[in-house]
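Once you've looked at the hints, go ahead and assemble the two chains, each given alone in its own frame, into the complex.
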Amino acid sequence: MTAQFKPTELVDFVVIGAGAAGGVVAKELSAAGFRVVVLEQGPYAREKDFSHDEIKFLFEGGFTNNTKLQPVMFRKNEREPAIAKKAIMYGRQVGGGSVHFTANYWRFHESDFHERSLFGEVPGTAFADWPISYNDLEPFYTKAEYDLGISGLAGANPFEGPRSKPYPLPPMPVKSSGVLFEEATRKLGLHPFPAPMAILSQPYRGRGACVHCGFCEAFGCEVRAKSSSLASVIPMAEKTGQCEIRPNSYVRKIETDAHGRATGAVYFDAQRREIFQRGRVVVVCANGVESPKLLLVSKSNLFPQGLANSSGLVGKHLMWDNGIMASAVFEHPLNEFKSIQVTRVIHDYYAADAKRGFYGGGGIDARFQYYPAGFALAGLPDDAPRWGLEYKKTFGEYFTRTMTLLAHATSLPMEKNSVGLDPEVKDAWGLPGVRITFENHPDDVANLKWLLEREHEILEAMNPKKVWSVAPDPVIDTSVHLMGTCRMGNDAKKSVVNRYSQTHDVPNLFVVDGSNFVTSARQQPTATIQALAYHAADYMIRAAKSGDLG
Amino acid sequence: MNSTRRDWIFGTLGSTAWAAVAAAQEHARQSVEQPAAAKLEFFDTSAASDIAAIAEQILPSDDGPGATEAGVVFFIDRALTTFDTDNQNIYRNGLIDLNERRRKMFPGSESVAALSNAQQSELLRAIEKSDFFETIRIHTLLGFLGNPSYGGNRGSVGWKYIGFEDRMVWAPPFGYYDTEAK
Numbered sequence: 001m002t003a004q005f006k007p008t009e010l011v012d013f014v015v016i017g018a019g020a021a022g023g024v025v026a027k028e029l030s031a032a033g034f035r036v037v038v039l040e041q042g043p044y045a046r047e048k049d050f051s052h053d054e055i056k057f058l059f060e061g062g063f064t065n066n067t068k069l070q071p072v073m074f075r076k077n078e079r080e081p082a083i084a085k086k087a088i089m090y091g092r093q094v095g096g097g098s099v100h101f102t103a104n105y106w107r108f109h110e111s112d113f114h115e116r117s118l119f120g121e122v123p124g125t126a127f128a129d130w131p132i133s134y135n136d137l138e139p140f141y142t143k144a145e146y147d148l149g150i151s152g153l154a155g156a157n158p159f160e161g162p163r164s165k166p167y168p169l170p171p172m173p174v175k176s177s178g179v180l181f182e183e184a185t186r187k188l189g190l191h192p193f194p195a196p197m198a199i200l201s202q203p204y205r206g207r208g209a210c211v212h213c214g215f216c217e218a219f220g221c222e223v224r225a226k227s228s229s230l231a232s233v234i235p236m237a238e239k240t241g242q243c244e245i246r247p248n249s250y251v252r253k254i255e256t257d258a259h260g261r262a263t264g265a266v267y268f269d270a271q272r273r274e275i276f277q278r279g280r281v282v283v284v285c286a287n288g289v290e291s292p293k294l295l296l297v298s299k300s301n302l303f304p305q306g307l308a309n310s311s312g313l314v315g316k317h318l319m320w321d322n323g324i325m326a327s328a329v330f331e332h333p334l335n336e337f338k339s340i341q342v343t344r345v346i347h348d349y350y351a352a353d354a355k356r357g358f359y360g361g362g363g364i365d366a367r368f369q370y371y372p373a374g375f376a377l378a379g380l381p382d383d384a385p386r387w388g389l390e391y392k393k394t395f396g397e398y399f400t401r402t403m404t405l406l407a408h409a410t411s412l413p414m415e416k417n418s419v420g421l422d423p424e425v426k427d428a429w430g431l432p433g434v435r436i437t438f439e440n441h442p443d444d445v446a447n448l449k450w451l452l453e454r455e456h457e458i459l460e461a462m463n464p465k466k467v468w469s470v471a472p473d474p475v476i477d478t479s480v481h482l483m484g485t486c487r488m489g490n491d492a493k494k495s496v497v498n499r500y501s502q503t504h505d506v507p508n509l510f511v512v513d514g515s516n517f518v519t520s521a522r523q524q525p526t527a528t529i530q531a532l533a534y535h536a537a538d539y540m541i542r543a544a545k546s547g548d549l550g
Numbered sequence: 001m002n003s004t005r006r007d008w009i010f011g012t013l014g015s016t017a018w019a020a021v022a023a024a025q026e027h028a029r030q031s032v033e034q035p036a037a038a039k040l041e042f043f044d045t046s047a048a049s050d051i052a053a054i055a056e057q058i059l060p061s062d063d064g065p066g067a068t069e070a071g072v073v074f075f076i077d078r079a080l081t082t083f084d085t086d087n088q089n090i091y092r093n094g095l096i097d098l099n100e101r102r103r104k105m106f107p108g109s110e111s112v113a114a115l116s117n118a119q120q121s122e123l124l125r126a127i128e129k130s131d132f133f134e135t136i137r138i139h140t141l142l143g144f145l146g147n148p149s150y151g152g153n154r155g156s157v158g159w160k161y162i163g164f165e166d167r168m169v170w171a172p173p174f175g176y177y178d179t180e181a182k
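Protein sequence lines correspond, in order, to chains A and B. Under the numbering used here, think of the first position of the first sequence as 1, with each following residue one higher. Under the numbering used here, think of the first position of the second sequence as 1, with each following residue one higher.
This is chain B alone, in the form it adopts within the complex (with noise of 0.2 Å):
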């Protein structure tokens, strides 16, 4: 444990209660199994579609399923009730920001998840070296490849796509190299 990196993992998201994850895993139950009725807590419509876009062009769906295949603005907003309440300013402070430059960048457009591709890309440069994107950033990591039951990785698509799985049982040999030596 001795990376000069750590610091983030335990700084970005606050500590929490207990009941307060419970809480989350139970509510994100809901939306593993039925995906589609998954609702919305702390987003209104345009903002979840914001974030969803904002997801998609961190983890975009070109190569396989990406950050809207694994749920992520879903996770997201389940986060922001339960276990990290702590982020819900960033998040309501970060899209007004963010729509102000979207406005002053690309006049005449309606929203994040309305401009081209390529708008969208040009806005989250400008925006990167930011705490909200950023924040946002690791929380589309935490909903791609986080357990399926806080709301995102649905199916465990996002392990699927990095060759994870999660069982309890393995035996040797493990990977290629201990298999080749054998």
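Next up, chain A with everything else stripped away, as it sits in the complex (with noise of 0.2 Å):
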């Protein structure tokens, strides 16, 4: 029997998003005995929900943000009238993104987390240390690792930090894509390892194995195989008795009293009725886009620029998402459409080498992401034809026997680049809509080049028939990795929230999501949220018990 409580009771945490962090915080809490009612503005979907429908996921959109009732305008810089573009994506559903991601859970590198020391000043960006050392997470990514679900091999990435355990599960089977890569980046003198998955490789905790569908990235797994939060967390924090999770629950409005602090959340409910939720604590996990934007709305005479945002820098340093493909195609089928898109991984090229004469580096990982219809439409050769039959037999055959590599990259950040309020351009239910302003620094597009120089290596390496890639293009396209723009630091002045993910502003108000972030390191950032979103709750748990919260 899951919890229920009424807006008008006091709850101890209402926690804004259930997706990769709110899931985590809230089973964190739930389980710590306090009472949390999240409230989540997408729908509950569950696996009755999910098929293999490439056109509803993929190009009608699935459960992810609708412009149409959500628009997002989007423009490179101050000097451009903004316009209607899905510039930035995330999900919108109970698991959020983690329903939908690829299931990629490698942790950042030690370095990570102090990469400014280390590199030195990128001049024009706000290129910064992290608050907190990669030993300070390391429990809490192990935590994320077995509460989750995570399958892979450790100390196989001679790159990855110490490690407290190992992985709970055994590393899913290898693709033809991956054996082919490990080949070829061995004869390169590199190191593949099993691509850490958040995707279980056997049976885990009441939860089946993966059946190898084929269906992860931008599907919900029918078999809660893939470890979202929605497979995994959420259903811990419900059955606490104390966790009410409530859908279609839009908050327009985190409320603060006269002494400058959270007393709750308003939120239009599925019959757009406003409902004011109170809480001791407000917790946003909203994602990287979501969350400054609550933030903003929510200004009042106290906080004139927006809540807990003294700093000027609520919505600023937003990171995008960089990577950079490249395909080969092969005499024999590969069938990448069975399984798990993503098997094997390097991290040789993984950090900074000011030598190379710009800040760069990045993870190259072997796979195949495209789905029938967006295969024929965007996989091919950019010299393929379009239409005709000689079309028609290119992709006829190199579906089934083509595999690409990813190279996951970096986004520096800069302060002009943000999310903010749209001045003229409103939602459904009449916020503002969000402004995207970004545009990547020559440093982000240089690294690009040379990480796509090093996929064309590996690749001519293992002798295909054909290979290909698109040149980076400086005009961006979709982020899915939204970061940065509510950040984390010591320093009240240059940052949003402290170590802990909470305001600095705004003692029982935290924000923890991809929004935390310093740098983007190399991407792929959930499985790093969820360890922020173990490290914060830990401490909203000691604190609120201690008295600290109020």
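Simulated from the structure, these hints should not be mistaken for laboratory data. Everything numeric in this text was worked out from a predicted model, so none of it was measured. Think of the CB as a built atom: it goes at the ideal place given N, C-alpha and C, for glycine as much as any other residue. Just so you know, nobody snuck in bad clues.
Simulated pairs of lysine-lysine, DSS-like, Cα-Cα distance not exceeding 25 Å: (1) K182(B) - K465(A); (2) K465(A) - K449(A); (3) K426(A) - K416(A); (4) K187(A) - K182(B); (5) K76(A) - K426(A); (6) K299(A) - K493(A); (7) K129(B) - K85(A); (8) K393(A) - K160(B); (9) K466(A) - K160(B); (10) K129(B) - K393(A).
Restraint-style ranges between C-beta atoms, simulated for each label pair: (11) L389(A) - A181(B): 34 to 42 Å; (12) M168(B) - R186(A): 30 to 38 Å; (13) P170(A) - D131(B): 45 to 53 Å; (14) A181(B) - N135(A): 36 to 44 Å.
Here it is as structure tokens:
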């Protein structure tokens, strides 16, 4: 029997967003005995609502944000007018992006947390160290891996930081892309390792193992083998009897009192009635776009430039989902449409090296992330015909014989890149639409070009029939890794939250999700988002018990 | 999800309400069960035969089932009255413009469908950079390779053509190179 609270009840914690971070926070707090209401703007879709429907989930946007209802405006910089564009995308449902993600789950390196000290300044950026170290987060990475169920091989990545425990589950079986990648990278003196994935290679804690259907990325897992927060921590939270997940609840404002303390959240329910849920503490886990937006719309007399925004940095330092792909086609079928998307990775090129002439670096993985129609429309070389018999024959031959490499790369934090409120455009509930201002730093573009060369080297070493790629285009498409916009730091003038994801300005207000990131590391942020969530929840529990959060 | 080519996927068909997608699948089930009986809701007969001819040029049947066998025109027709109503005007205006161009290029011709193969090809080459052609192209591929519940990819002919099979359960080894490695 899951909990149900009245909005007028003063619950202990109101969590906003039931995604990767929100699910973790809800579970930790409710397991510690606190009463928790989680307000999620999206629906509570479950396994029966998931299907292998490429049209519904890729072309029609599935459970992602609908820009007809919640417009997104985009401009490269302040000099340009903003245009309507789905420049950012997130999972708008219970489980958030962790329902549809590819499930890559490697840990950031030790260096990522103090890369500024290691590498030096990057002029024109807000490149900085994190206020926490890998060692601070290590126990929480481990907790995440065990709670969610992560498959991998400890020690296989020579560049990974120290681990207190091995992965709870062995790696997923290798695919043809992984075999070819492993041979080629070893030939080149590199160190391929089994991809750590948030997918169960074996039955685990009441959930069955992956059945290799192939529909991970962009799709919800029908058999609960993908370790979304929906499949794992959210049911755990509900089972405590202390946590209510309240879907279709779109928060329009966090309320504060005359003392500047958060008192709860006003939200629109499914019938668009406005309801105020009272809480002793408010935790915002709405993602790197929705969290800053909510703080900005929650301005008041005490917080004229937005709630918890005395630094002026709420929404600033937006970092992007930079990556670059290269593909190759082979003589025999790989059948990459079967099973999970990624089975092998290298981190040999991860660390930044000033000798290259730019700040950068990245991981490279072996994968295939296309579905049938998407492959025919976007997966072929640029010099392939686009219609007619030769076109048809090409995708007919290539679909089962192609693999791709993806380099997950850097995105430098710059104050001018931001999430803001559009001055004119409103969403279907009357809230301002978001306005994204973003352009890449030249080092990030140089890095993508450099990684693309490395990808070509690796693919050529596989002796394929053909290799192809598209040059990095400085005009960005859609970002799904939303980071940086409520930056973590020790100095309240230079950050929005402290090392525990507690806002500097409002002691009973936390923001914990990708917005906390000081630097982008090399993307694929979910493992680190969830480690931060466990880390923040640990503090919240201690502080709440000792009365520090009121 | 870092391809530089993801733009077009999210921009092309516009966002939609759930009910519309469900409606499309409901209606389309009929065409899967009784292919010949699928009713046109948006195109009149001549527009449908023109669209079918264009789709056949995009995915011909020379080397195996193509747009025609897959029922692409029925997919497009259904899409335009359910989840992709936003693109109705691009088809209305596009067909008008296309037929004007056809009359200029091939005086005395009666329809796109009535042109010879070479003539159709030439006509489409003249518009292949247009938004209209790109929309038909995308719809044709969705109608060839999308779920059969939408009215296209009849009998999964598109999936069979590319070697794809939609199954819940596979087991390793998956392909040639991991089989060989074992």
